[in-house]
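*Asks:* In case you want the letters, here they are:
2 protein chains.
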Amino acid sequence: MAISIAHLGPPGTYTEAAALTLVEHLSQTSGREALLCPYPSIPQTLRSVAAREADLAVVPVENSIHGSVAITLDSLWELDQLKIQYALVLPIAHALLSRGSAFEKLKTVYSHPQALGQCQRWLEAFLPEVQQMATNSTTEALQYLDEDLTAAAIASERAAKLYNLPILASEIADYPDNCTRFWVVGLQDDGRGDRISLAFSTPTNTPGALVNPLQVFAQRGINLSRIESRPTKRLLGEYIFFIELEGDITQEPVQASLAALQEHAEVLKILGNYSVLPRTQSSHQA
Amino acid sequence: MAISIAHLGPPGTYTEAAALTLVEHLSQTSGREALLCPYPSIPQTLRSVAAREADLAVVPVENSIHGSVAITLDSLWELDQLKIQYALVLPIAHALLSRGSAFEKLKTVYSHPQALGQCQRWLEAFLPEVQQMATNSTTEALQYLDEDLTAAAIASERAAKLYNLPILASEIADYPDNCTRFWVVGLQDDGRGDRISLAFSTPTNTPGALVNPLQVFAQRGINLSRIESRPTKRLLGEYIFFIELEGDITQEPVQASLAALQEHAEVLKILGNYSVLPRTQSSHQA
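As they're listed, the protein sequences go chains E and P.
Under the working numbering, think of the first position of the first sequence as 486, with each following residue one higher.
Under the working numbering, think of the first position of the second sequence as 486, with each following residue one higher.
Among the hints, erroneous ones may be present.
[As the list claims (entries may be wrong)] Partial selection, computed: residues in chain P whose CB lies under 10 Å from chain E:
# : residue
1 : Pro528
2 : Arg537
3 : Glu538
4 : Leu601
5 : Gly602
6 : Asp674
7 : Arg677
8 : Asn708
9 : Ser710
[Said to hold, decoys possible] Listed next, with one range per pair, are the computed distances between beta-carbon atoms:
#  : chain 1 : residue 1 : chain 2 : residue 2 : range
10 : P       : Lys590    : E       : Ala610    : 38 to 46 Å
11 : E       : Ile652    : P       : Val761    : 46 to 54 Å
12 : E       : Glu751    : P       : Thr593    : 35 to 43 Å
13 : E       : Asp733    : P       : Asp633    : 50 to 58 Å
14 : E       : Leu564    : P       : Glu656    : 42 to 50 Å
15 : E       : Ile652    : P       : Asp675    : 36 to 44 Å
16 : P       : Thr635    : E       : Gln736    : 35 to 43 Å
17 : P       : Ala578    : E       : Gln736    : 46 to 54 Å
18 : P       : Glu656    : E       : Gln673    : 19 to 27 Å
19 : E       : Ser512    : P       : Gln628    : 24 to 32 Å
No wet-lab data here; the hints were simulated from the structure.
Because the structure is a prediction, the values reported are computed rather than measured.
All C-beta atoms in this analysis are idealised placements derived from N, C-alpha and C, irrespective of residue type, glycine included.
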């Protein structure tokens, strides 16, 4: 039976491109076919797996320019039965799409907040008077272009081809090497790979509450590749830490660190032990 | 001469309410008068101080529900001549404003992305079909209400009074005790207070690169009250850490920690040594 893969839609989003990379990987490694299922938001994408409507979900985690995708971290903390099975990194190339012919006539630019954030300086330099409007996905932004020649959208060149929309400008991100990291999430934990992601909350107002939990890894020579904090939403100054470390859950120093971490953490959730899929410059990007 | 205070405008924003709290504090402690200067964005607010157009800027740093205000951290890292002079915390109470009379007829809700983020569950529960549109400030969202009875905005009750707009629903944030922390930033560093904020980038791909810099404080018994990471924007996996610690820059252990931190950091910037203004439930909130 085909594997169903949930992602932020409609078709044409960067997350769909990431899902297509996963489809290729699954086809090459296990010969399994896959079916893509677009959802209108990241929380709904993740909930579809928790509710067993889809087998896997592909969600963006962080971008090299704009940083963390907070809604992904917050949703994963809540839906704690989900486990990360793979990570993958995708190069991101933003274009400005419009049916209008000139920059001077543009009044509004629509896109996902992450894409607007990644092109902030470009927009300030070339479209300073244009109103920026956030949409649920880069593809959703395209619906505003058909009847309005003063509207533009930021999306991929792939989306431009898919919906037959003219490109007014290419490569408009503020910094080169724009990349987004995605997680592939499912209900089962394969428990294989060289990365471990976990999240924990700490008791408040305890001296060292933020640093002591991080030291359990340093003391055992385990390298952290990422530390991200999110608010607990209960009280200003209370945080949940999302940590990524290099290691395998079966290694003794990793197990000892996690046991020690349990002493410092209020709530500790292992988000997954997984591997990073090899980077592709696949045709989905073009 | 009056002190000029830049803030995100137009008048009626939560940042203006925070600026009014500062005005009260300055008037009580030094008898100095102040002049509020609204700016259309957070980067422009901060740049006004760097360019000596305004004496101080008030900017939001983090919210108890939605987390960090990334653009504030990114802008302060860039404009490194600015120094934090005070922190202040403001309770935030969001209301739904509209000239339309019924939820069922609403098609669009406008607000700042932070305010939309703080009311996400409420919006999903009560206005699931309504399109969410991001604006540059909560006050900017109000301009859409006058001619469109299907439009609503999320802003404060204070803004509703100021612009004479009807309130359709009150207290619509997803969690109680919603608070935002603000920084007051100027060109001079008073170097007084019990908080120190700093930011640093680390060399990449070095084992312990993320944890070693944090340990310099733990080793000397200095408590960190916040750790936040932002991307360097150069390469995925390279971060700038924003750290807040309890201490005074004149204390010996603090100076020793900062000297040790210098060894681990690629670039280190002291953002300020400041105090937290007492919390007020002032009339500006109502």
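*Asks:* Any hints from earlier that this structure breaks? Give me their numbers in increasing order, please.
*Replies:* 2, 3, 6, 7, 14, 15, 16, 18, 19
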